[in-house]
Amino acid sequence: MGTTWLEIIINTVKIAAIFVIVVSTVPLLVWVERRGPAFMQNRLGPNRVGPLGLLQLAADAIKFIFKEEFIPTKAEKILYFMAPGLTLLPAALTFAAIPLSTPINILGYTFKLQIADLNIGLIYIFAVASLGVYGILAAGWSSGNKYAMLGALRASSQMISYEIAMGLSVVGVLMMYQTFSLNQMITEQFGYFSFLWQGSAVELKFLPNWGVFFQPLAFILFLTATFAETNRLPFDLPEGEAELVAGFHTEYGGFKFNMFFMGEYGHMITSAALITTLFFGGYALPFISPEQVREFWIQNGHTLLGFTGLSMPDIASVLTTITHLVVFLAKTGFWLFFFIWVRWTLPRFRYDQLMDLGWKTLLPWSLVNLALTTALMYFARIVK
Amino acid sequence: MSEQLVPVLVLTAVVIVFAAAMIGLTFLAGPKRKPTPEKQLPYECGIVGKEHETTRFPVKFYLTAILFILFDIEVIFLYPWALVYGDLLKFGPFILVEIIVFMLVLTFGLFYVWKARALEWD
Amino acid sequence: MELTAADILFYLFGFVSVVSALMVVFVSNPIYSALLLAVVMSILGIFFFNLEAHFIAAAQVVVYAGAVMVLFVMVMMLFDLKREKEEVARFSILTVLKIISVGVVCGVLVGAGAMITGDGMGFIKVSTTEAPPPPSMLLKSDINAPTKQTTNPEELKDEVVEITQNPQAGVEIFTKYTDTQKLSLKLFSKYIFIFELLSVLLLVAIVGAVALARSKGGTHHVTRGS
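Chains as they are written, first to last, in the numbering used here: chain A, 1 to 384; chain B, 385 to 506; chain C, 507 to 732.
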């Protein structure tokens with residue numbers, strides 16, 4: 001967290017700011033989720049409250065705060081109040097390891113745009129994501145409603161089944177980059193598509209060096225598994241409207257109910273960010289490495305930020321960071337839109353179809369991906 | 385290197401404060417009405433549910449959880465292997481043979497579970 | 507005394523984990539016990555991270571807190587545990603005596619083990635000449651004993667020869683390895699037999715779990731016609 005007091009304060013503010021921004025992105029996502037698919041379905045979404053209906057979500061959030069707090073008689077009070085927090089916590093913690101942009105060098109300090117630069121980044125994300133099951137179980141059990149309990153059990157069984165597929169599909173990516181650190185993985189995805197084949201370097205100039213071109217099967221498996229992990233349609237039977245009323249959050253109202261949705265959308269944001277980091281180069285531009293972007297800004301940066309009076313390298317560093325942050329947000333935004341798009345396009349899976357997909361399709365294909373990557377790497381490293 | 389974990393703990397504190405503040409806000413701002421007996425019954429689509437004798441839950445949940453533990457451990461073992469596989473290939477195919485043995489045994493386990501119809505859900 | 511991040515983490519989470527562990531035993535509702543045990547497992551992960559064993563920390567949280575304890579909690583929620591709750595909640599002097607005697611036996615065993623191994627296992631001081639090592643450094647030497655913290659190729663050569671029989675190619679790779687990769691170096695050379703044995707152990711567990719769930723008509727379709 002830094003050595004001087006200034007660094008510590010700025011880092012703390014940075015952590016709180018990133019968290020607040022993620023929480024505030026949730027209403028924006030819900031707005032996209034209501035307006036975008038409305039156009040897909042040839043109707044208008046919310047368009048009365050505020051311009052384009054944007055204040056609808058603020059209105060909803062304020063409404064939630066003013067709802068009555070009631071507790072069912074059979075509920076276990078302590079867990080009933082803690083369960084929404086237990087769901088929100090892993091969703092927020094998983095976002096901590098994701099690098100949002102290049103580090104800024106200002107006035108002699110270096111700040112990373114990342115809450116925690118862990119050297120076990122990827123496996124930390126899986127560790128914390130697997131703790132998300134407790135919130136669901138606690139919510140379902142503490143409601144004192146046997147249908148909520150059943151919904152919670154089904155939701156948690158679904159989550160744990162797809163965690164294996166998720167973990168296994170990423171092994172191929174790990175074999176390629178040989179590191180858990182997400183920063184390192186992004187660094188290895190700069191430039192053009194290149195690899196070593198039996199001692200000689202092969203470079204294809206029309207493709208960027210992204211993970212999706214090395215591991216397409218892993219990408220498809222990972223994408224499907226994250227859909228199921230975040231309980232998004234087509235995998236949202238545990239909270240499906242026509243099934244067990246609302247599944248594990250039947251007995252929740254007001255802001256506690258909202259916190260479950262914040263947890264789900266937070267998980268979705270982290271999954272989209274993880275997909276861009278692992279497979280699409282993270283915050284980097286397709287063929288251009290951040291060094292080249294920095295060079296560009298050293299030439300042209302003074303026109304934009306010259307008025308602040310910072311030195312040239314500092315201005316270049318700030319502008320590089322902003323550029324890469326915009327790139328990261330664009331990529332993540334596209335994948336978030338993809339999540340929403342798929343939700344409103346596909347019908348819901350039945351529960352046994354869902355579990356079959358997790359255990360009998362994704363898991364074997366992950367093993368196939370692992371075998372293929374192993375074989376290819378073996379043949380690539382044989383030097384004649 | 386342990387200081388890498390400190391931002392995570394600060395984030396945990398921030399989230400807990402946020403959640404507590406929100407719940408406190410709802411507690412202060414929401415209307416306080418007397419709870420009627422109908423409002424506090426467990427929700428069952430409008431029907432008054434009968435007091436349950438011990439509900440019997442299917443054993444599939446338990447089986448899924450146990451199989452999850454075992455395959456999760458397998459995945460955890462694959463992670464350190466994946467990190468060194470590329471480099472250790474320089475020293476011969478031994479690292480490949482090791483993992484083939486490991487994965488064969490566990491793939492056989494998956495095959496057995498599939499054939500024994502322990503993965504059926506309906 | 508300089509307080510590093512490692513020390514603060516250790517003392518803070520040491521306190522929390524001890525309190526949680528005591529509550530596991532003394533709370534009457536078994537589900538709260540299981541959830542608190544999950545908390546203890548996660549904090550053990552933080553301890554491992556503190557001891558510079560990063561991969562083991564994540565593995566601990568993934569496997570123990572994220573899989574094993576989920577199983578415990580799920581199974582506890584499936585049963586009706588009113589009778590067990592009442593039994594534990596009843597305070598009796600016999601329960602307290604039982605807990606105290608278990609603690610005494612454990613303490614005696616640990617002390618005997620420390621005496622036998624001679625060096626006091628690092629935390630029971632046999633000689634009083636030096637100050638005890640700070641808690642976060644307690645097991646660091648053991649964890650780092652397999653591979654030396656050095657970048658000097660000469661010193662690393664013995665280590666590399668033991669692993670690969672080919673020191674020349676190895677040294678420049680291994681100097682840049684993180685501790686997870688050093689762990690896997692050891693795992694796949696020196697302890698490879700245990701690794702393969704573990705796969706067989708997992709297979710045994712898989713077959714056992716399926717057999718257990720099948721008895722008395724567990725998974726359906728089985729009891730008909732078999």
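Derived by calculation from the structure, the hints in this document are not laboratory data.
Treat the hints loosely; a few may be bogus.
[Stated by the list, open to error] Just the calculated beta-carbon pair ranges, DEER-fashion:
| id | chain 1 | residue 1 | chain 2 | residue 2 | range |
| --- | --- | --- | --- | --- | --- |
| 1 | C | M529 | A | I382 | 50 to 60 angstroms |
| 2 | A | I62 | C | I606 | 32 to 42 angstroms |
| 3 | A | F334 | C | F699 | 43 to 53 angstroms |
| 4 | A | P347 | B | L480 | 36 to 46 angstroms |
| 5 | C | L703 | A | S194 | 53 to 63 angstroms |
| 6 | C | A717 | A | F66 | 14 to 24 angstroms |
| 7 | A | I78 | C | C612 | 49 to 59 angstroms |
| 8 | A | D352 | C | S534 | 29 to 39 angstroms |
| 9 | C | F699 | A | Q353 | 33 to 43 angstroms |
| 10 | A | F195 | C | E702 | 47 to 57 angstroms |
Every residue, glycine too, gets a C-beta built ideally from N, C-alpha and C.
A quick look at each hint next to the structure:
no.	hint	verdict
1	C:M529 / A:I382: 50 to 60 angstroms	holds (57 angstroms)
2	A:I62 / C:I606: 32 to 42 angstroms	violated (55 angstroms)
3	A:F334 / C:F699: 43 to 53 angstroms	holds (48 angstroms)
4	A:P347 / B:L480: 36 to 46 angstroms	holds (43 angstroms)
5	C:L703 / A:S194: 53 to 63 angstroms	violated (40 angstroms)
6	C:A717 / A:F66: 14 to 24 angstroms	violated (55 angstroms)
7	A:I78 / C:C612: 49 to 59 angstroms	violated (31 angstroms)
8	A:D352 / C:S534: 29 to 39 angstroms	holds (38 angstroms)
9	C:F699 / A:Q353: 33 to 43 angstroms	holds (42 angstroms)
10	A:F195 / C:E702: 47 to 57 angstroms	violated (31 angstroms)
Hints 2, 5, 6, 7 and 10 from the earlier list are contradicted by this structure; the remaining hints agree with it.
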